[in-house]
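Visitor: Sequence:
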Amino acid sequence: MKKTFTFRAVLVSWLLILTTYLAPGLMAQGLTIHGKVVDAKNEPVVGASVVVKKDSSRGTTTNINGAFTLAGIDRNATLQVSFIGFKTQEVAVGGRTELNIVLEEDSKLLDDIVIVGYGTQKKVNLSGSVAALDPKQIQARPIQNLSNGLQGLVPGLTVTGTNGAPGLDNGKIRIRGTGTLNNASPYILIDGLESGALNMLDPNDIESLSVLKDAASAAIYGSKAANGVILVTTKRGKSGKARISYSGSAGMQSATRLMERMGSYEYAKLYNEVNKAAGKQEPFTADDLQKFKDGSDPEGHPNTDWYGLAFRTALMQRHNINISGGTDQVRYMASVGYLGQSGILPNAKRNQFNARTNLDMNLSKVFTARIGLSYIKNKYADPNNSYVSGGSDQIIRQLNIVAPWILGRSKDGKSWGTTGDGNPLAWLDSGQTIDRDNHNVSATGGVDLRLVDGLTLTANVAYAANLQHYKAFVQYIKYNASKESEPNKLDERYYLWTRANFDALANYTKSFDKHNLKALVGWHAEDFRTELLKGVRQSFPSNDLTDLDAGSASTQQNEGRSGQLRMLSWFGRLNYDFDGKYLLEANFRADASSRFAEGHRWGYFPSFSAAWRLSKENFMKSFYPVLSDLKVRASWGLLGNQEALDDYYPATSTYNIGSTYPFGGNLSSGYALTDPKLSDISWEKSRNIGVGLDFAFFSGRLTGSVDFYSRKTTGILMKVDVPVEFPLKPYVQNVGSMENKGVEVSLQYQTNIGDWTLGVGGNFTYNKNKVLNLGDNKYMNGSIGNTRNALGQPFETYYLYKANGLFQSQEEADAFVAKYGTPFGSRPKAGDIRYEDVNGDGKINGDDRVYTSPVEPAYTFALNLNVGWKSFDLSAMFSGVAEASRYFSGEVFGTFSGDTGHPSTVWRDAWRPDHTSGKMPRAYLDGTARHNEAASTFWLQKTHYLRLKNLQLGYTLPKSLLQHWGVSSVRVYYSAENLFTLDNMRGNIDPEATSQRLSSYPLLRTHSLGLNVSF
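Position in the sequence shown (first residue = 1) + 83 = our numbering.
In short, the hints are calculated from the structure, not lab data. Backbone N, C-alpha and C define an ideal beta-carbon position, used for all residues, glycine too. Among these hints, one or two may not hold up.
[To be verified] Beta-carbon label-pair distances, calculated as ranges:
hint	residue 1	residue 2	range
1	K219	K1042	11 to 21 Å
2	N949	A673	43 to 53 Å
3	A333	D763	51 to 61 Å
4	N626	L756	37 to 47 Å
5	L1094	N864	45 to 55 Å
6	I836	S1000	48 to 58 Å
7	G496	D217	45 to 55 Å
8	K460	G837	47 to 57 Å
9	W952	V185	26 to 36 Å
10	L1094	R995	48 to 58 Å
Please take these sequences and the hints and turn them into a complete structure.
Guide: Okay, here's the thing in structure tokens:
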């Protein structure tokens, strides 16, 4: 008995010891949790993500029954459960091993409301191609206007032609390529109104922005939608206490790039050499060269840094205050904003003031009303030149081409050196500008009446007006004792346009079982009017008297005109879906425009689209742990373009009042029909076909879309020449056709790992443009020099002689002359450009020019990266293009032409007998080698690039520091625009430069600091 007790005691002791050592390990193994995730209808949520909070490496996804199992979970852990379309939930384990989790639908994700024509739709139910942009992507960026901010954010949308001129820096927007030889700009609506204020809109006022890219989504706008549609809605009030927010930033701006040019000594030395090579006397002595070199005679032998004296660092600031709130009956939003910008050229500036208010009222259970008011005052100035007037373009051109040995400005600032055109610094010193003072007003109002369940009647009215006062006073300037400008001159104008709209709509929504139906019918009326008044006078008594009356009456000129357009429309849309699985949509619009003659005023624009959400099919459920959503789309539609011409009466023949006729040996005044019109012209029409795929994986963390499209425009309005026997101008006729085909890809990935958030997104677009028909013409000259719109070629393709390197010896050059002569008027020498006899006829002439590449890019792409850690956030946006070109004329690189030439440093790599690998032709005296100045592929540059468009670093202050001050959030940030660019440009040229002679305002690099505060 004693032995037995002793054995038991020892055994118990050992068990206690083992328990002491093993218990922590056994406890560490944790709980095995079994659970199920369902929605509000108790349906299983398949593929939901279930992870341990702050340890995302420990997690799983629900199976086909919504069930999951997690092992080794701490009894006090918290699980995060998420799935696309539902709010993320945090569930405390609390020692439980069985969990039943009900996810709540998140309207912001599941519905993901997208603004479409005359309404909204759930993104998952879209059957057309619509891109919805998050306004936060542009609101904290230091951009001057909205069009530039859109660059790279939306697949299929390209923005070109940007620059840094305050108030004049609007980009050229194209959606899925250029579809016409005429106006190819998209139709832009702000709160349902074509107010013309996109580039004056404060980004902080934007609630949503949608881009309608295909006929299925845009056909509801009919004759204005052929080039795509951009819909912007502004912020509105929400029920609750007043919310006040402030957004502000201030920064510095400078040119991204300026061409590097030679100094006086280097240029003078080379100028002597090219004169000597041309058999002329060297213009500069050894003493001149020495003075240029040592700077001992700064006014007699200057070394003028034209860029350094003209360009400067500019300042930019933007501020916005927003207040919103309300009750269930009345909700309000009001905001004021200011944008101030000084240009990188003296006297360039912009001051813009914005004010906006929106009011929503629930007048009864069935009757609601809304009002919106907006006022924008945008005043900006552009430095003006005294050579041809017109703004800063000629100033920048002269800064490019005037020799550095021309005196920029005397030491006392009272005289300037000159060429025959004057002096750009004197123009800047005078303070003369072109002033544009814009006032844009818009007002919208609407009422909704819900008659019965599902049926709502709506009436909307809208009015917009824009008044611009344009004033350009060119001063009289006495440059020096021997040079003065033309007499002073004033050009003053008033532009006014107004637009009034009325829309009557009826919306009906009905659901029964799994069938869902939405119908819309509407009527639209629009009136547009425009006026211009212009007066010009010269020879004012002094530069201080700038009123029009002060000028000489004998020099007066005046001009005035007005125009009016009216439009009536009927339209409708029908949406049907079965269980959110099979989706159908049909649109129809009939438009009548006063542009066209009776019998040709009505145009009819239908569209049809369908989509299939495969992810809702039972046979796809086996993919659910990975697949979250999958939808295929297809669409067809016909759109119109009544905005192709700026002529308000293109079908009405008009008479020239200023004509004269010989009667009885004398000229008598009268009028004549010199501008014939055809009464049967009508709309340009665009046929659109598209297919697309939308997808989401891993509980919505990875999302994307792929779209293929084809757009063919027919009946393009073109000018047709009249037989030479008739002294008439060309007439306009529906003749041309053009097509665009392409693919768009968009991909985004977003995830959380503990305190980290990571995101990457990108988009890619390829568009192939082709001119199909030009009537009896094989080509038409493009709007850009040396480009053509030719059959089978892309829009505005360069048409140039084909260069084939440089002559490496005089023998090569002589052999060329022996075979082809001197086709360009000068005898080529070693180091000159060699051209190909493309057609092999033994001659070099215009027939040897070839179509090269177009101005507009075929490929556009962008990459967005973002990372967050606790309260810090960092984001970077890259954008780029490929397969685009720009021809830069000889003056861009500088000519050896004396006072009116300023060679670039690229000429250091000119061909020489001891440097035959040079990339530039031999240096030559201007006018002695016309052979090198032919428009050829030698001067054509590939403008593909990859640019860090925006970099942003932010910090959000902890709420624990703010709660005692009544502040809900504070974020400070640094943001930079256009930081660096990768390209292969010759010379220090920005690949986005818009002028072929590099005289456009430079693109800007911006560094800014910002603050966002909410109360």
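Visitor: Each hint needs a verdict: does it hold in this structure or not?
Guide: Hint check results:
no.: 1; hint: K219 - K1042: 11 to 21 Å; result: holds (20 Å)
no.: 2; hint: N949 - A673: 43 to 53 Å; result: holds (46 Å)
no.: 3; hint: A333 - D763: 51 to 61 Å; result: holds (58 Å)
no.: 4; hint: N626 - L756: 37 to 47 Å; result: holds (45 Å)
no.: 5; hint: L1094 - N864: 45 to 55 Å; result: holds (51 Å)
no.: 6; hint: I836 - S1000: 48 to 58 Å; result: holds (53 Å)
no.: 7; hint: G496 - D217: 45 to 55 Å; result: holds (51 Å)
no.: 8; hint: K460 - G837: 47 to 57 Å; result: holds (49 Å)
no.: 9; hint: W952 - V185: 26 to 36 Å; result: holds (32 Å)
no.: 10; hint: L1094 - R995: 48 to 58 Å; result: holds (57 Å)
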